[in-house]
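Use these hints to put chain B onto chain A, whose structure you have.
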Amino acid sequence: MTDCHTVQQSFDDLRAGTIRPGQAAHVRRHLQRCAACRAFYQDVSHLRSALAEPVPPLPRRLSERVKRRYRLPQRVAVAAMLLLLVGGFVLRTDLVGVAQSPSFVEDWTRKTIDLALDSEKALPGVHIRLELPLGVEVEGRPGERVLAWQDDLDAGANRLSIPLMLEQGAKGELVASVEHDGRRREFRIGLGEEAR
Amino acid sequence: MSRLIRLWQRLSPAAAFDACVQPHIERLWRLAVRFQGNPSDAEDLMQDLLERAWQRREEIQQLDAPGPWLAKVLYRLHIDRWRRQGVHSQLVNWEELEETSDLMPAVSEEQAVLTAIAASEVLAAVDRLPEAQRAALLLHDGEGYTVEEVATIVDVPVGTVKSRLHRARAGVRHHVAEGTKSPPAACIEMEGPGEKQ
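Protein chains in written order, with this note's numbering: chain A, 33 to 228; chain B, 27 to 223.
If we strip away everything but chain A, and leave its shape as in the complex, we get (with noise of 0.2 angstroms):
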């Protein structure tokens, strides 16, 4: 009876292959000769098929209240794609293209602006800036007007998705900045009503 218990409490470690090579062998030859293990064995199989019975989907919503809650934001298309090429210590920028969908929520405006920063080596603490302004938020950022941090760089591309809030009317320029070694590189981009 007590190696019945010990092949049964066994059964988790011989699905998973963590079992010793000498012991598997031993539960095998035991359920073989066993007719109460086998029969647990195919029980066991049978409880997590029992288990693996669908439930009910995940309410809606409490997916939407979860996300009005905390503001979690919705991917929208890119609203705006600002290229900053980082060639070795020498910045430069280029426009390379505006596309936007934005999404409504309330009366505010959901927008993402997407940087692309390309070097052509890594770069380390490297110092970024946003500044925004009056009546745009960062999502899950309210209140703030300007966000600043330092980061390293990859070699080639490295991406930030910004999911920006305008109040409705808002205007004005997004500044972003990237500074890295004593050299600083600036780029504006329109937002607001006239961006839209």
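Check the hints yourself; a few may be wrong.
Pulled from the structure, derived: some chain B residues nowhere near chain A, Cβ distances all over 10 angstroms [what the hints assert, rightly or not]: (1) Pro49; (2) Asp67; (3) Arg82; (4) Gln87; (5) Pro92; (6) Pro94; (7) Lys98; (8) Arg102; (9) Asp106; (10) Arg109; (11) Gln111; (12) Glu175; (13) Thr178; (14) Glu204.
Partial pick of chain A residues on the chain B-facing surface, computed with a CB cut under 7 angstroms [as the list claims (entries may be wrong)]: (15) Ala71; (16) Leu79; (17) Glu85; (18) Leu90.
Counterexamples of contact, computed for chain A against chain B with all Cβ distances above 12 angstroms [what the hints assert, rightly or not]: (19) Arg52; (20) Ala56; (21) His58; (22) Gly157; (23) Glu205; (24) Val207; (25) Asp213; (26) Arg217.
Hints listed in this document are in silico derivations from the structure and should not be mistaken for laboratory results. This structure is a prediction, so every number in the text was calculated from the model and none was measured. We put the CB at the ideal spot given by N, CA and C, even for glycine.
Below, chain B alone, put in the same frame as chain A:
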């Protein structure tokens, strides 16, 4: 983690929270429904979980695998609710119960007893298990958490989880085989995560 995500996290706590939690929502929802037994209570449990997780979002975002952490919070919230509902009526020394587990004989039926019955009946038998065993079974056999993860979630040693799993499986077979009408053993087994600490 991609460069995009790292930069995103610096800017948007809500987006980072979403990125951390969203991949686990479906699994947690299944667990909540199984724990609570109905979608309505499961929804309340999920709401509590997400509020708790939001409060501790910075801690979550530092984790390599937030899934077990979230499941642990869900389990604790479930146990809190279960206790508040007054399911248990007698206090039993949990250590004694754990010690006696090794004395429990292996199930002796020589025929599989679950294969011929509907899944709903199997699940009904699962609901008759002591809560600690039921939770181990739902987490491991239902949602696929490893024994080690279950041990972390319910805050007991791995050996205890293995023992609970074995007794839970044997218990389900017993309930089905005997068609017993006795009250759920949850009435006497009130162990929760906090008591092992």
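*Violating hint indices (sorted, rising)*: none
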